[in-house]
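If you're matching them up, the sequences are chains A and B in order.
The opening position of the first sequence corresponds to residue 1 in this note's numbering, with each subsequent residue numbered one higher.
The opening position of the second sequence corresponds to residue 1 in this note's numbering, with each subsequent residue numbered one higher.
Be aware that one or more of the hints could be misleading.
[To be verified] Okay, the calculated beta carbon distance ranges per label pair:
| hint | chain 1 | residue 1 | chain 2 | residue 2 | range |
| --- | --- | --- | --- | --- | --- |
| 1 | A | TYR243 | B | PHE83 | 29 to 37 Å |
| 2 | B | PHE111 | A | SER146 | 30 to 38 Å |
| 3 | B | ALA150 | A | ALA139 | 27 to 35 Å |
| 4 | B | PRO164 | A | PHE191 | 53 to 61 Å |
| 5 | B | LEU63 | A | ILE27 | 55 to 63 Å |
Read the hints as simulated data drawn from the structure, not as lab findings.
Virtual Cβ for every residue (Gly too), placed ideally from N, Cα, C.
These are the residues of each chain, in order.
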Amino acid sequence: MPHEQLLLRRLRGRPSAGLVFSYVFIIIVAAFCLFPFLWMVIGATNVSKDVSMGKLSLGMALFDNFANLNKLVNLPLVFRNTAFVTLVGTFFTLLVASMAGYGFEMYRNRHRERLYAFLLLTMMIPFAAVMIPLFRIFAKVQLLNSFIAVILPSVASVIVIFYFRQSTKSFSRELVEAARIDGLSELQAFFYIYVPSMKSTYAAAAIIVFMSYWNSFLWPLIVLQTNDKKLLTLAISSLSSSYTPDFGVIMLFIILATSPTLVIFFAMQRQFVAGMLGAGK
Amino acid sequence: MKTIRQSGLVRHHSTAGFHRSTGWMFVSFALILVGVFSIYPVISSFLLSFQTGRGAVYHFNGLGNIQRLLKDTVFLQALKNTFVYFIFQVPIMIILALTIASVLNNPKLKFRGFFRIAIFLPCVTSLVAYSVLFKSMFALDGLVNRMLLAINVVAEPIPWLLDPFWAKVLIIIALTWRWTGYNMMFYLSAMQNISPSYYEAARIDGANAFQQFRYITVPLLKPVILFTSVMSTIGTLQLFDESMNITGGGPANATITISHYIYNVLFRFTPNFGYAATISYVIVFLVAILAFVQFKLTGDDHAA
């Protein structure tokens, strides 16, 4: 008899205790992950005192916060600087890294394989170990406080080279052979055949590289010195480390600074995740 | 050139040579840049670590910097903090990420896409932005304390930013929030490659969900777990943004990281590039050793 009851219960499709537990667990985790975003939005509408007191309802201070933010930070300048560094940096990183990934994969030879293995090893070098000489290099050539100094050291990103080489393995060599027969030079074959056919690889890589420039902090903090060169991360950090940080203003600022990456994330979720995980496969 | 190309026989030979140089052309920009901005600096840093001085004048100091390092209480504190983050934060995060991934891998669970995105979303924020966000939530009379008081978990507000112990806990909470979803994505995509037949066989043998997780999922994911632990370890050793922006390294250097201390030696105190380089080489060695140890550990396990 108890056996039949058990069978009946299973047939009715009642969710198992395990599944219920799974739902409870995953809902709690998701709530923890999402809550700070909600907090950020609420905070942006409240005055600083309410934010630091933990007020959890929308306030009326959004426009005041925006006006104050404009007084404290030259928003157009900071956004322009960050966009410049990010776009120029992303462009050159994709160019240099995809050429290298393509070169290593399409024109294999013994010496380059060895150099490639060595290149992968350099990924392990911590940034702290290079930043001091880097600072001195740029001081010597008088390029401190320039965007070139911010961008140049990360243009040859080994992880992006690796990503392009891995993706090039699935690129069909016949396309390039055909291009050669049609009389295209090797460079033309790269730009007219390879680049257009690897759009999704470029998209995924672009997202990651974009993020890393947009969010970079330590190196810009070291090389950029004047207010007219401020980037978003530097401006946020200096606002929050002032003696009396205005948290309502800061929350609004963080929303503005994070929104481009959020938009990219929601518009191109698949490439975003692919790019983030790309290096691990 | 034209004549060589026109003759079919020589042409093959010439394109091979041509391709060799073309290959170098494609990789040369990257190689030069890595040479100038990575390899030269890492060597230069090594040489610098045996020198001392101020401003622009440096002289050879032998192992003087290392002697100074061993007596430097702030450095030792930074080293200790880094180990605390590494020993507690990395395992907590990896176990949590594995658990979340295996829950999300259950096809019976609904809204999996939504949960996946929600848990991954913290990765979209910049390190500076989320650090400041956490700082604002964990003030003494702030949101988190108010909530904890309201549900009677604590009798008095926790001094998150003022107490050496709680400040470390705060950094660990923040890091876990930011990076769990990232690691979870790796596990999830690896789990999707595990054949369901393994689980079916285990169920027939009477294995419960935990046993399946322990004896099928974890062993098969070992390479990914290894990879993410190495990445997280290296990340932990290089922490900067959080220490700088959540706690400012305080109270009394209780949360300062090695990178943060290097920054202070370089730009907050009288700059001493030589000594800063010595400290940075501690990170280099720790990264090398820990990566090696972790590889060794999982390798042996695999063989057994």
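Here's how the hints hold up against the structure:
| no. | hint | result |
| --- | --- | --- |
| 1 | A:TYR243 x B:PHE83: 29 to 37 Å | holds, 32 Å |
| 2 | B:PHE111 x A:SER146: 30 to 38 Å | violated, 48 Å |
| 3 | B:ALA150 x A:ALA139: 27 to 35 Å | violated, 53 Å |
| 4 | B:PRO164 x A:PHE191: 53 to 61 Å | holds, 57 Å |
| 5 | B:LEU63 x A:ILE27: 55 to 63 Å | holds, 56 Å |
Checked against the numbered hints given earlier, the structure breaks hints 2 and 3 and satisfies all the rest.
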